[in-house]
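K.L.:
Sequence:
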Amino acid sequence: MLGIKRLGLLAALVLVGVAPAAAAQAAAQPSTQDTQYLQALHQVNLFEITAGDLAQQKGQNQRVKDLGAMLKTDHTQLDQTVKQTASQLGVELPNEPSADQQAVLDQLNNASGAEFDRLWVTSELDGHVQAIQATQTEISQGSEQSVVQLAQTALPVLQTHNDELVQLANQLGIPVPQTSASGTPSPGGTGTESPAPGGTGTESPAPGGTGTESPAPGGTTESPAPTES
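Letter 193 of the sequence shown, counting from 1, is numbered 1337 in the working numbering, and no numbers are missing.
It cannot be assumed that every hint is accurate.
What the hints assert, rightly or not - SDA-like mimics (lysine to any residue), calculated; alpha carbons at most 20 Å apart, straight line:
1. Lys1216 - Thr1297
2. Lys1209 - Arg1262
3. Lys1209 - Leu1249
4. Lys1227 - Gln1180
5. Lys1209 - Glu1259
6. Lys1209 - Ala1255
7. Lys1202 - Gln1251
8. Lys1209 - Gln1224
9. Lys1216 - Ile1276
10. Lys1216 - Gln1204
11. Lys1209 - Asp1197
12. Lys1227 - Asp1307
13. Lys1209 - Asp1307
14. Lys1209 - Leu1252
15. Lys1202 - Glu1259
16. Lys1216 - Ser1267
17. Lys1216 - Ser1287
18. Lys1209 - Asp1270
19. Lys1209 - Ser1256
20. Lys1209 - Leu1316
21. Lys1227 - Asp1270
22. Lys1202 - Pro1238
23. Lys1209 - Gln1311
24. Lys1216 - Gln1183
25. Lys1209 - Gln1251
26. Lys1202 - Ala1255
27. Lys1216 - Thr1304
28. Lys1209 - Gly1317
29. Lys1227 - Thr1297
30. Lys1209 - Ala1313
These are computed hints drawn from the structure, not numbers from a lab.
Put together the whole structure using the sequences plus the hints.
P.N.:
Set out below in structure tokens:
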């Protein structure tokens, strides 16, 4: 009987010890910043794993195939840490890429040859610039140490990928997106100096135009009407 009572007491002590720890974990919910970063990085990984497969299957350039394999491997490993961290913090992760990412994957599925290579490299550059910016934000603004550490681990991986993509883009003659001083890419992916894809800035308000000095194609304000002599 004494042994049974002792076992009961030990069980009670264990429960008492576990309850505060569980309550503390439940109370320490990650911030919105930390939660959204985990979810976004997971979606980046899902996209990169699928895009890496496509590069190996459909890439025309061998470097595209090789880099696709590298990205798939690295993002698969990175996602294991993301899922582990999210599980520990009770963060629910999405089970598929975002709608925008899926749209890009659809475009890649429909492309082939050199067109595929160009689209793949361009989308990868854009995606990695955004992922790097999100990771830098988490490092500077995150409050949950495990998520911040994850971001610190992810950043050099993402930067290495971006460096490799830039080199490949230069080899293939593909424009490389530039970032502004704040690190934010322009909508066209060419920097704040070019607000619209193919545009040359505010000096050329219309495609093919030469500026406000030539209000009409071929016309000049200096020419009088034909009836005057």
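K.L.:
List, from low to high, the hint numbers that the structure doesn't satisfy.
P.N.:
8, 12, 17, 21 and 22
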